[in-house]
Structures are given as C-alpha cells and as structure tokens.
Amino acid sequence: MNTALLLAQTGGEVTTGEAVAFWILGPLALAGGLGMLFSRNAVHSALWLVLTMLGLGVMYMVQQAPFLGFVQIIVYTGAIMMLFLFVLMMVGRDASDSVVEVLRGQRFAAAVFGLGFGVLMVTALARALTDVPARGLVEANTTNGGNVGNIGRAVFTDYVFPFELTSALLITAALGAMVLAFVDRRHTERKTQREMVEMRLRGEHDRPSPLPGPGVFATANSVATPALLPDGSVAPESVSELIEATSRKTLESDVAEVAGTVPGPDAHALTGKEGDR
Amino acid sequence: MTSTYLAAELGPVDGIAQYAWLLVALPLLGAAILLIGGRRTDRWGHLLGSATVIAAFGYGLALFFSVLGLDPEQRTREVSLFSWIPVEALKVDFGLRLDPLSVTFVLLITGVGSLIHIYSIGYMSHDENRRKFFGHLNLFVGAMLILVLGNSFVTLYLGWEGVGLASYLLISFWQHKPSAAEAAKKAFLMNRVGDIGLAVAIFLMFANLGTTQYTEVFERAGELSGGVVLAIALMLLLGACGKSGQFPLQAWLPDAMEGPTPVSALIHAATMVTAGVYLIARSNPIYDLTPDGRLVVTIIGALTLLIGCVIGCAYDDFKKVLAYSTVSQIGYMVLAVGLGPFGYALGIMHLLTHGFFKAGLFLGAGSVMHGMNDEGDIRRMGGLARKMPITFVTWGLGYLALIGFPFLSGYYSKDAIIEAAFGQEGWRGWVFGGAAVFGAALTAFYMTRLMLLVFFGEKRWENLKSADGRAYDPHESPKSMTVPMIILAFGSVFAGFLLSNGGLLSGWLAPSLGKLQVAEHGVIPHAVVPLLTVALSALGALVAWLIFGRKSVRVPVERPAASWPVRAARADLYTNALNDWLVVKPSLLLTRAFLVVDNKGVDGIVTGTATVLGGGSSVLRRTQTGFVRSYALSMLGGSVLVIAAMLVVRFA
Amino acid sequence: MLLAQVEQVQVPDLDFPAIAPILIVLGAACVSVLFEAFLPRSARWAAQFGLSVLTLVGAGAALLAYLGDAPATGVTTLAGALAVDKPALFLWATLLILGLGSVFLMADRRVEPGGAFAADAAIRPGTIQDRAQATTVMQTEVFPLALFSLGGMMVFTASNDLLTMFIALEVLSLPLYLMCGLARRRRLISQEAAVKYFLLGAFASAFFLYGLALLYGYAGSIKLSAIAAAAGGSDRSDTLLFAGIGLLVVGLLFKAAVGPFHTWSPDVYQGAPTPVTAFMGACTKVAAFGGILRVFSVAFEATSWEWRGVLWGVAIVSMLIGAILGLTQTDIKRMVAYSSVAHAGFLLIGSIALTDEGRAATLFYLLTYGFTTLSVFAVISLVRDANGEATQISSWAGLAKRSPVVAGIFTVLLLALAGIPFTSGFVGKFVVFSAALADGMAPLVVIALLASAVAAFFYLRIIVLMYMREPEEDGPTVSLPGVPTTITIALGVAVTILLGVFPSAVLDWSVVGAFVS
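Protein chains in written order, with the working numbering: chain G, 1 to 277; chain D, 278 to 929; chain S, 930 to 1446.
These are computed hints drawn from the structure, not numbers from a lab. All C-beta atoms, glycine included, are put in the ideal place defined by N, C-alpha and C.
One side of the interface only, derived from the structure: several residues of chain D facing chain S at Cβ under 7 Å:
1) Arg898
2) Val905
3) Ala909
4) Gly915
5) Ser916
6) Ile920
7) Met923
8) Arg927
Next up, chain G with everything else stripped away, as it sits in the complex (with noise of 0.2 Å):
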C-alpha cells in the first residue's frame, strides 16, 4: 500500500465503494444477529454468530482498520467461536431446552421492551449521527508506525493500565473453569484388582470370594430368591442384605401388583369425579 493510495481513501467522505460494501454487509450482519436468536438449534445459532462476526471484519478492514478487521475474523470467528462449536458438539448438538413459554405476558411485554429499546436506540442514534463529518483515520494510519504501531503504542501508554488488568479476567477465568470442571481424584483412588485379590487372601475382606450371586431365574425371576449350595441348603449372602433387611410390609404393594391383585387403573379417573368419592 503506498501513501497515495491511503490519502486517496481517506479525506472525510464515505466512497460509493465504502457505501455499497456497508449495505450490503450491514443487512447480512443484521440477519446474523437475529438468526442467532431465533433459530432452535445451537449449532445453527453459532453459525449465525459467525455470519455477523464476518460481516463486522469486513466492514472494519473497509473502514480502514485492517488490524482489527483481521483480529475480528482471526480471533474470534476463527478461534473462539471454532472452540465454541467444538463444546456445543461435544456436549451434544441436540440438548435443547423447552420453548414453552410457562410465564403469562412474558414475550408480549419482553416484545413490548424489545421494541422500545430499539426504537429508542435507532431514534437517538439517527438523531445524533445523521450530518455527522466522517473524520478517517488518515492521521492514526500513517504517523507513527501506522495502525498497527498506533494501536501498540495506545495499549502500552495510555491503556496499559486496563490491558494489564484484563490479565486478572484471565486468569479468574481459568481458575473457575478448574473449579468448576476438574474433579480431583487421586484422593479417592480406586484400588487395582491384584490388589484386591491381594487383600482378600490377607484376609483384610469379611471373604475371600466374590459373594454368590442369587438364584434368579433358577426357580424365579426375583433378584429376592436365594441360590441353594450343592447340598441343596440355601446361600443366605446370595441375597442381597438390602432385600432382607426390608420389612414385608414396605414390599406389600410391589407383592400385589406382581400377584395381580391390584385393580386395573379406573377410567373414571380421568374425570376426576369419581375419584373424589
């Protein structure tokens, strides 16, 4: 890029080439932003995100900020919001959440905001910025080492007090990410099984051998009928201690359903009438 070409691109005017660029870009932008928020499936709305991300690096590297246009698209459509769909893919695409909306007035009155925001934002900005001078950033891209050099010398002077702090954002974030997310095991390490065996035949274990298992489908389908021993006596640690120590009483309803003594469910109760007698 040489400087005529800069001098010619700049001069407080918005080209017809500028202006095409923008109405093109901005509508795809626009629509990015609200496919976003309207489509169903996640995935689709960070493919959304990344239309409008686009659309604003382009118009950035068009409004003469090239660094920031190519960070734009670098960075964030190209790394953060890549990350993004990795985590949405990973966690599953179709986890998606109810669109019954149970709160009564909810989306009228949300709409009702909506559109007064914005139609308070759009009259304020359009009162504001229409007849407005374009300034450019001739003098910030060529003085000084150009618009990479001027943003540098801008993060490391005036700002480098807020540069440096975003470290502190960092790393919190980092540390809830471990909080949050990491699991610490090796407290509660499993033990291998030549260990086990190890510490059965130690005697370190009420016994040496696995417990018997019940005798399901031997002469029920009851996980609660004991396995016999060869001798034909009952293996009383085949059942598990749970069933045993369960009093009859609290198995009486599961007992009747199994016998088939329990009434069948009533149509009546569907009504609700008869089932208030």
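The hints should help you fit chains D and S onto chain G, whose structure is shown.
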C-alpha cells in the same frame, strides 16, 4: 421572671460537678451487670443494685452541698459530655444540666430510690427473679436521672422513653398474671400517645429554632410566633399527661399497680409519674409566654384532681385507691405549675413532700399486703393496727400528711397550692380555688375511709380465707421493710415545714424557675384559706368516720350495690370507656393494621398478608418468579424507562 | 518508508506508593493461585488464609503509609487511568477492612464443619461422591477469588476512565459469580444463584458497554474528565450523551442492586454461601456506590439537572420495593436482600446530592452499612439446624431463650439497619438525609423516611419473634463460632455501636472533598 434571666451565663464547671456523669453511669452500670451477668449474679445482685443507687445518692448529696456553696447566679451549670453528630448546622450535643431544679430531683430520685431498693431486698426475697427486678429498677433510676439531668429536650426524650421502658418491664414483672401483662400493655399504649405529643413538641422546636438545647430554646423562645408557642405548650402538656396520668390519659396508672409494690411506690407514686410536672416546670420560659397554654394546664390539673378524688372514694383495692390518690395529687401539682410564676415552685414542693408521704403510704400498703397473703381488698381487712404497729404508725403519719393535718408536710405544700389557686383573679380564682379545696375535703374522706377500713374496726379477715386457701395471719414485716417506712414517715412529718420555712425551697429553685410570686389580691383573704382547708378536710374525715368508723356500722365484706354516683365512680367515672373510645380503639386499629402481619407469625409462619402493605407486597412478590428471563425483562423494562425519561427530560 | 518514522514511546508515569494497595492485593491474588497449584491440599487452607490476611493488612499498611504524605487534591497515575484521591482512599480503606472481615468469615471451618464451601465443587450435587465429601475440608480457591474481586473493587472505585471501570467491573464480578456457586449445603440452589447472577450480570455489563460506546461517540474519549469537558461546552447533539448516561447508569445500578435492577439480589443472596453473601452485601455495595459517586460527580456533574429527576424516580422505586417486599419475606437472607435494596435507595439519595456533604454522608453510610451487613450475615450463619443454616424466619422464634447473646447482638444489628438512634445506622441515615435536605431534595427525604418506617417494621418483627415467642421443640440451635467469625461479629457490632454513639471522628474523616480527574 423573664426567660432572659434563665438564659443567663452558665456558671463554670469545676470540682465535684465534673463527675456528674457518675450519677447516670452508676445505676446503668448496675443494670448492665445484672441483666447481662444473668444467673451468675443472683447471689449478690440485690446488694449491687442497692449499692449503685446509694452511691449515686451519696454523690448527689455531695453535689448538692457543693452547689449550696455557690452564688445563686452560678448555680446553673452545664457539663458537656460529647458532641453526637457534629455535622454543620445540625449539632446534637449531649450534656448534663446541673441547676437547683435538677439537683433537687436527683436527691429525690436517688434518696427515695435508695430506700425503696433496700425495702425491695426484703419484699422480693422470695422471688426467684429478684436479681432481674433489681436490674430493671437500676435501669429505671438511670433513665430517670437522664431525664432530669439532660440539658436538651432530646436527652430528656431519651430518658423519657427509658423510664417508659423500665416501667413497662416492671409492671409486667409478674408475667404469669394476665392482668399484669394487660396493665403493662395499657400503660405502654397510653404512654405512646403522650410520647407522640412530646416528640411533636420537640420537632416543632427543632423545625422553628433549629435546636433543642434548653439554653438556646429558652433564650430564643421569644422569637416564635404565638401560635407555635401555644402548640409547643399543648404538645408538651400532652406528653406530661401521658407520663403523669393526667386527664384524659390517667387510666393506666391504677392498672399499673399490678406491678410489685416497691415499683408502685418508686415509679408510680414518687418519681416517674412526676416527670410531667418536671417537664412543665422545666419548660417554664415557654409557658411564661403563653397564658392560654397555662390556662389549659390549670384546667387539666383541676379536672384531674377532682376525678382522682371521686374515683378514689369508690375503690376497694388498697393500692388502687392510693393510685387514684396519686392521680389527684399530681393534679394539684399540675394545677400549681399551670399557675405560672405563682406556682412553679409550689408544684415542685408538693412533688417533693408527696414523694415522701406517698412512697411511705405505698410501702405501708405493701407491708400490709405482705402480711395478709398479698390480699389487696380493704373490705377483707380491718383492725390491723394492733397486729402491725410500726406499719400502722408510719402509715398513719403519711395519711395525716396527705390529708393536710396542720403542720405536717401536706399542710404546707397543699395549702400553698390552694392559696395560690385562690390568688387568681376573677372566675379563675373561684373555680380553681374551689376545685382545690373541694378536692382536699374529698381526699380527707377517702383516706379516712381507707384508714378506718384497714386498721380499725372489726377484724373481718378472721373468718375468711385468702384466694389460695390459706387463713390470714397478719404480722409485722421485717426490718429491711420497716426501716425505710420509718425514714419516710419522718419525711412526711417534717419535710413540709423544713422546705417552706422562710421560702427555703422557692429561694433555692429561683435560678431555675424564677422567683416565686405571691398574688396580692385573691378572691378570698390569705389568712382564711388555711382555716377553710383544714375545716373542710376535718369535715371530710368526720363524714367518713360517720359512715365507716362508728361501732354500730358494719362494713360488709362483699361490695354492696350502690347508687348511680358510686357506680359511676367505681367505673372510673367512665373515663376508661371514654379512653377506650378516644385513644385505645383508634391506636389499636392503627397498630392492628401492622399486627395482622405479625399475627400470622403467631401461628409460627411469619407470612404477612391481608394488610395494605402486606397485600401490595404479596402482589409485588409475584414478580419475583425465580426465572432469569423475567428478571432480565424487568431490568430491560427499567432500562427503557430510565433512558426514555433521560431523553424526555432533555428534549421535552 | 513512512511507517518507519516512529516517535519514542513515552512510558506512562507510575505513582507506586499511591497504587501500592491495589498492586499488593492483585499480586497476592496471583501468588494465591500459585499456592493452589503447588501446595499439597492439606497445607492450603492455612497458607491461603494466612496469605489473604497478610495481604489485606499489608495493603492497609501501604495505604496508611501513603496517606501520610498524599497530596490533598489527589493524583492521577498510569496515564490517567487511575485517580487516587481522598474519596478513593477512604473507599479503599473501607473495602480492605470489610474484605478482611469477609475473609475471616470464609475461612471459618467451625461453624460449618469443614467450611462453608464445597470440598469439590465439580462433583455433581446429590451423587454418592457428593455425599462422601460432606465433611471433608473445603476448597480453598475462594481465597484467590476473593482477592481478585477485592482488587477489582478497589480499581473500580478509583478508575478515572470508563474502560478501566468496565474491566474493573468484570474483575470484581467474575469471581463473585464463581463464589456464589460453591456452597457446601443446598448446592443446587447455590449453583442456580451463580448462573442467575452470571446471566443477569452479563446482561447488565452489556448495558454498561453500550453506554460506554455512546459516550465515546459523544465525547471522543472515554476519560471521565473529557466527557465532563464535552458535556460542559460542546455543540454536538447530546442525544448520545443522555442515552449513554442512561445505559451506563443501568449497568452501575445493577451492581449496586438498586431497584428495579435488583431482581437478582434476593435469589443470589439466598443461594450463595453466607460468607460470600456477606462479602457481596458489604463490599460490592461499597464499590458500586463508590463508582457511582465518581462517575456522577466527575463526568456528569454539568448535566445533573437532567438526570437527577430520573434518579429521584429510581431511588423512590428502590426504597419502596425494598421496604414493601421485605415485609412478606419468609427467608431471612432474602429479607436482608430486600433491606439492602431499600438501603441502596437511601444511598442513591446521598449519591445524587453532588455536594461535599452528600459525598461525605454517602461514604459514611457505606462504611456503617458494610459493617452491619457483614455481622448480620455472620450471625445468620450461626443459627443452624440439621440441614445447615436455618434461614426460615419462623424458625428463629424464641431464639433469645436459647441464646441470649446471639439474639442480643442480632437485635443491635437489626436496630442499626432500621436506623434507631445510638446505632451507626441512625447516624448514617441522619447525615445522608440532612445532606439531601440541604441540597433541596425534601420530598425525596420524606419518602425515604416513610420507607424506613415501613422497613423498620420487618426488622422489629424479627426482634419480637426472637424475644416474645417460645422456641419450637426442634428449632435451630446456635453453633459456637470459630475465632475468625467471632472476630468479625465483634468488630461489626463494636463499630455499629461506636459509630452510633461517637460518630464524630469518622464523620470528620469522611469529609474527603472532591474527586480528582
């Protein structure tokens, strides 16, 4: 005397006066130790409680003598303690005002307070909460001293609320008695009405003068317009009526007798109930400016003294008769201070003598009831003079002092008030003087009735059993109870003469209250008034003897049916009903609006509904759905409104 | 080449003594993260607690050392990003001491065995592993998070341009979002609170950022002084300015939990672990109002005529919402949340009185309110039953019979919140209202008095409940606090009473004069 005299230069604070804060700190420290220390202090709590008050009395005496050594012009002094909120133009300073008036009260409160603390050691010896009782008593003494020592109306208000709280706690001390809880509630409610009056008065001062310090208010009271002064005077009077049991707020005082007897003696006879008189006397520069305000004070005083006397004739409860007697005697004091410069000092004098003999009478009543299984019905007594000689003698001296027997305390203080009332010009002299002297006759009547029914005549208790089924066995009380009674009896006999001899008290109080003026031309000659009073009192006593005292008269144990005036008197002249209708109902309605929310809490679930606020709250509460999207919506709504309002304000 | 002609970069000035407290806190936060990474689990609690206390004390010492020879009008440093002036120093001191109290509460492992925070927040609530960790020692990441948050708050109150302010806002918020979700008991409600706070916080940040953009468009700079200069004399259309102020203010009011932007606070106060609630209730309020004071006084003073009416309305809404909704709460933490909404309304009154008195009054109020709130939550954390804290108000019935000391302390604190004389709460309200009166806001003061009367009712209701009622059979018990909690409660109550009785010294300090820009 004009107010400019009162606002004169304050004397320097030096010597013993620098430590005046001890007066307040000692009892409060005692209260703090006893109430925070809990059961650990049970064994020595009563001793500590008495010691702090006695120490305060000792200091008070020393202070008194140091003040005596000063020139009268230098006797008014202020000890500034600290500046509370020193924001520019809005200074609230705390300090103590040491002048003859406050020092007098200090002596009364700590002196009578000490005696009653000692008396309570014996009286409450069987009560397992004796330590708590002493804690509350100490709290009361501390608050009362703040009330009289404060150098601004705000400090006074602080003490005012403090004594109210202590009084509430002590009336309901025997919580197991529902009547005690009820009485405490009643006292609380009626006192609130009075407190609102005081608060409004303070607010009026603050709004109009920007200060509540006595010195500045009194100095600049003249700047206020007549209407404001009158309003302040009437509001202060309302406050005084609430605290001192004056019409129309007198009904709580007899009910307050549900508390232990020492409480009745200390708080509801000698000290707290006289706070209203103190308030009016202290605000004398304001009342000096408004004759109309003073007239209202006088009318209230006269009315109350008559109401108290009439109702006192009809009651059969020992302490309630004494309570109505208190109401009526305070009526005398209010009448006196309502007379302005003619009566401020007389009111205070009667307050002091009354403090002695009424405390003595109450302690005597307590002693009688102590010996009679806590029986309070005088129709079940009789002929006790032999059984309780010391009580009888001391009580008898107090009785004579109260009815104005010549040359005892009451004779000097009450007759002076009657004289001053007659000293007014025109119809006022006749009306107020007449009311006062008629009241004296009635006082003699009902007190004689009390005397005869309790100490003389047939021993009606012999064949009766008390409510708990025990037979009556009247006996003299222990030393710790009789000694204070004896001391108070001395006061009942000699205080009046000592204080009035040569205008001693009025001269002493002059720096605070102005010089006592004596009316030149009364409606009846000065010399006649004492004779008239004594004669009428004697007549009242005679009538009482004719009805109750002669051997041939048998007093029935049950209350006989009676004619309309007696029934009216027994029903408190229907003032209770009036109060209910005028004060209690509306305030209850108001509080009930809030209480409905609280009543839900009575059921264990603190959910308020059904009141305006509670209802509004419930409706609003539904906006708090727990859904983020509805929260976000309300934020968005708020933002739209804020931004729209911003733009509208700018471009409209 | 043209681009080769490069000027020497001017290194921005750096006033180390002035910003030492911030650097100490943020630096220690980083060290604390390293502790997490390299220390064995058993040694972490002691190390983290010690480091945090040391940090806060050290930062306080640095602050005091600087205070001695600080220029009276304050300085700006780091190319004007930070303004260290008397108000900022007062706020820093307040934040440090309140932060110290909060750290004490977080470190307590006796009230809740093992600490108020989950041992492993990543384990799903309700699983077997979750039950197994019920009594193991807590996660210590809260300490670095708290330090980061505190550092963010300190920067927030001193930031002199909107960008620094925005980043500080995020630095203070992000750790808070995280800490909200770390409760040991009732973990689902805690995590729900964290998500809610995060979502709404992000929403509010968007408003702030939008406002920032509009203001930049208006003034061509994000520096507060430049915005003030532009608003003072400029022929640009000020639609941008007012829309920007509106949006910016929404973001700030959200952080301060001023109604109607308060909706998050009851849910979050209730769900968050109580030490974190205490931290939020005390420190976040200080930081948010510190920022509000600075922005209003420095950047928008010239336009105060326009925005003041709007903020009158906001203050009224906030006071009414807090007072009325507080009446029907059944959970004590929610009740305190609504009380804080009402208090935010009172504070806003002080903040929009752009006088020296108003500023001093607001600072004083923040200090007193912070201490009282801290102790209130500390006491709440003590009253427990089998399920952890007994926050149902009804279960507090008859507490005075069970534990007279705790009931007495709580009574003092509630009276302070209600603004009863001889507590710090009264003095705070008194100075704020009198400053507002002096600045001609009498109607607002009348409404504020009405609101505080209504609000007093629900504080008194709890006092009545504690004293006048018989305790339930299976009611909560008061657990014995550990040393750190005891210190915090004692400090809070002492300050509440001392500032109620002898406020003059601190009132004098709080007269700090103007902001520098």
